[in-house]
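Enquirer: Top to bottom, those sequences are chains W and G.
Quick note: the first sequence uses the working numbering, first residue 1314, plus one each step.
Quick note: the second sequence uses the working numbering, first residue 38, plus one each step.
Everything labelled a hint here was simulated from the structure, so no lab data went into it.
All values derive from a computational prediction rather than experimental measurement.
Some hints could be false.
To be verified - Pair ranges (Cβ atoms, derived): (1) G:V150 - W:D1630: 15 to 25 Å; (2) W:I1495 - G:F145: 39 to 49 Å; (3) W:K1503 - G:F145: 49 to 59 Å; (4) G:S197 - W:K1658: 54 to 64 Å; (5) W:Y1816 - G:H88: 43 to 53 Å; (6) W:K1520 - G:R63: 45 to 55 Å; (7) G:A117 - W:T1626: 51 to 61 Å; (8) W:I1495 - G:A117: 48 to 58 Å; (9) G:V150 - W:P1628: 25 to 35 Å; (10) W:Q1666 - G:R193: 49 to 59 Å.
Glycine included, each C-beta is placed from N, C-alpha and C at the ideal position.
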Amino acid sequence: MEILSGGDILIRALRDAGVEHLWGYPGGAALHIYDAIFRQEEVNHILVRHEQAAVHAADGYARSSGKVGAVLVTSGPGATNAITGIATAYMDSIPMVIISGQVTQDKIGDDAFQETDMMGISRPIVKHSFMVKRPEDIAETIAKAFYIAASGRPGPVVVDVPKDITDPNIKVAYKYPEKVKIRSYQPTTKGHSGQIKRAVKQLLAAKKPVIYAGGGVIMAEASEQLTRLAKLLNYPVTNTLMGLGCFPGSDRQFVGMLGMHGTFEANTAMHYADVILAVGARFDDRVTNTPSKFCPEATIIHIDIDPTSISKTVPADIPIVGSCDAVLDEMIAQIEEGDKKPDQKALSAWWQQIDEWRNRHGLYTASRYGESSGSLIKPQDVIKMLHKVTNGKAYVCSDVGQHQMFAAQYYLFDKPRQWINSGGLGTMGFGLPAAMGVKMAHPDADVAVVTGEGSIQMCIQELSSCTQHQLPVKIITLNNQALGMVKQWQDMQYGSRYSHILYEDSLPDFIKLAEAYGHVGMKVTSFDDLESKMRECFAMKDRTVFMDIYVDPSEHVYPMHVAPNGAMKDLWLSKTERT
Amino acid sequence: MKRIISILMENEPGALSRVVGLFAQRGYNIDTLTVAPTEDQTLSRLTLTTHGNEKIIEQITKQLNKLVDVVKVIDLTDGAHIERELMLLKVKAGGAQRAEVKRTVDIFRGQIVDVSSTGYTVQITGQSSKLDAFIAALPESDIVEVARTGISGLSRGEKSLRL
């Protein structure tokens, strides 16, 4: 058995937990750990420019690869800067382990330099957290942290490491545990067979069914099962913002995203559905609109690995606690083995109705939004162009705002893990660092950041990390010269009183800024240049490119739920038209 | 509706703050709280009382179960159970009052555990309503200080909360 210092043990344990890339930023309390990193080559450390970006990058890596992201920050400001990233990962159930340095144990509680109570500050936004108190406990704690982060409903786990336990002069035996067992933590994976039987019966008896699938399907690697089930039954599928890609976006059975900015056909079908199969989705307030008016005629079957998600906002008629893949497997087996088939006549009438909705107000109906021409570039058309230029195969990392909704609506994601966005917390500044993580996981793939001139400035310092670590991501900025989503709300609900959403000619020259970091900058002000410039951008495989695209500043995102007190079907379809 | 929830959890630093934090974070109420290690020193038993409609209570028990440090959760009010609370109360008892206070303590089957020239310290155990009734039986101006433990409880019969 090897005898190592705590710092060396920590890095060895990360390696043995499967960590290839560790995103971080050094500082006093983490110095012993950074020295251990220096003396080895197996764990690749990536220096960022701000701890928030380290967490988002590990997050993007985790979302796009399915592996656990890993982060190392120092105590005090290092730890607090990581908080927004951790909260982002927590809201979207992303598996991640965050190691934070801490002051030495004899100083804890003394308001020491760069001391902060990381266990306390992070408590509401972590799946679990540990403070390690002895070098002997490091390996086991790391093993537990990775197990907790990745199993059940995944989430971020913080490991707070006081400086004295990584002291190079104190050495102890190192052994990475082969197995982890935690008596108080045993997540359920297999669903209750009786409940599944009831669910299948209900599902097959449906006349107006909708499958409502969320991020849990992607987390559980259950896209294949979900697609098989949907095909087997020929039922319509809608995805949540987090679920996009878990069912092919270009498939005829896909009725689009649902919720606040979901399609007319998805929201209307949900409202009139008689059976809703919710899979790995959590009836978020951005989905349901007013819960008491949510889908009045529907029997709700809800599959989720987390019992707290079931009947939290909308009561489930048939709850099934279990992993989406295991439960869907069992459902498919029962349907295939049984004699009962869906009511074809009812189903065909339902599809006819849905197609009528789709043709009436769908995203692709001719006059859904105005036409781009000359200097008028519609943001929706930029996303469609991105889809065309990347053959629908890019990883699309989004920031938060109108551009995020346009990307969710118009880039039809055919594969899970292709769409990377901060859905739950809605963190501006997420896109660029997340894309760095995605690029690290998929060096040969096209990785696009869909952003706005507002969001991109929240983590723009990471352009420097892209240079240092050769992360050639493509930044597609929908520049509408305002904080567009806030502006839309101010237009709709505050009499167009534009409170603090304009920059008053203070926007930087993004082209020069990109060039200052050693990247390529491109400005697009004419729709006629969009395709050629975007093709040029993606042809530069080894360069980070910043495309500054001037889009129609007056555009709103539609459809949009009528709120407050609206139902799923109550939508604004344009500035003047509503259901 | 009042609920008594008992939790068996790891006797680890921070475990209590996760439970208490959960209630604050999600806007649930804690009316009373009592916690101590069990006969197995690696485990603590925490008993709290809360109130809310059925939906809220269901979420509370689910959310508590989700905490990694929590081993088991039981809602004692779901079945027959025994609940007790202990109260220490300092009361003025001088001159003519002295005998009257003593009589009241006897009626409630309390014990006088400390005596001074001006008053008594009374220990009284029972359901919370009994403790409330005892307080109500004393003249308000005579009560000097009250310390209550909060409710602790066990299920009746063979049902138990253990590993």
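Enquirer: Hint by hint, note whether the structure agrees.
Expert: Consistency of the hints with the structure:
1. V150 of chain G and D1630 of chain W have their C-beta atoms about 56 Å apart, which leaves the hinted 15 to 25 Å range violated.
2. For I1495 of chain W and F145 of chain G, the Cβ-Cβ distance of about 46 Å falls inside the hinted range of 39 to 49 Å, so the restraint holds.
3. Between K1503 of chain W and F145 of chain G, the C-beta spacing of about 53 Å keeps the proposed range 49 to 59 Å intact.
4. Roughly 55 Å separates the CB atoms of S197 of chain G and K1658 of chain W, a value that falls within the hinted 54 to 64 Å.
5. As the Cβ distance of Y1816 of chain W to H88 of chain G is approximately 50 Å, the hint placing it in 43 to 53 Å holds.
6. For the pair K1520 of chain W and R63 of chain G, the supplied restraint of 45 to 55 Å is violated, since their beta-carbon distance comes to about 38 Å.
7. For the pair A117 of chain G and T1626 of chain W, the supplied restraint of 51 to 61 Å is violated, since their beta-carbon distance comes to about 33 Å.
8. Range check, I1495 of chain W to A117 of chain G: Cβ separation about 33 Å, and the 48 to 58 Å hint is violated.
9. A hinted range of 25 to 35 Å for the beta carbons of V150 of chain G and P1628 of chain W is inconsistent with their spacing of about 51 Å.
10. For Q1666 of chain W paired with R193 of chain G, a C-beta distance near 56 Å keeps the hint of 49 to 59 Å intact.
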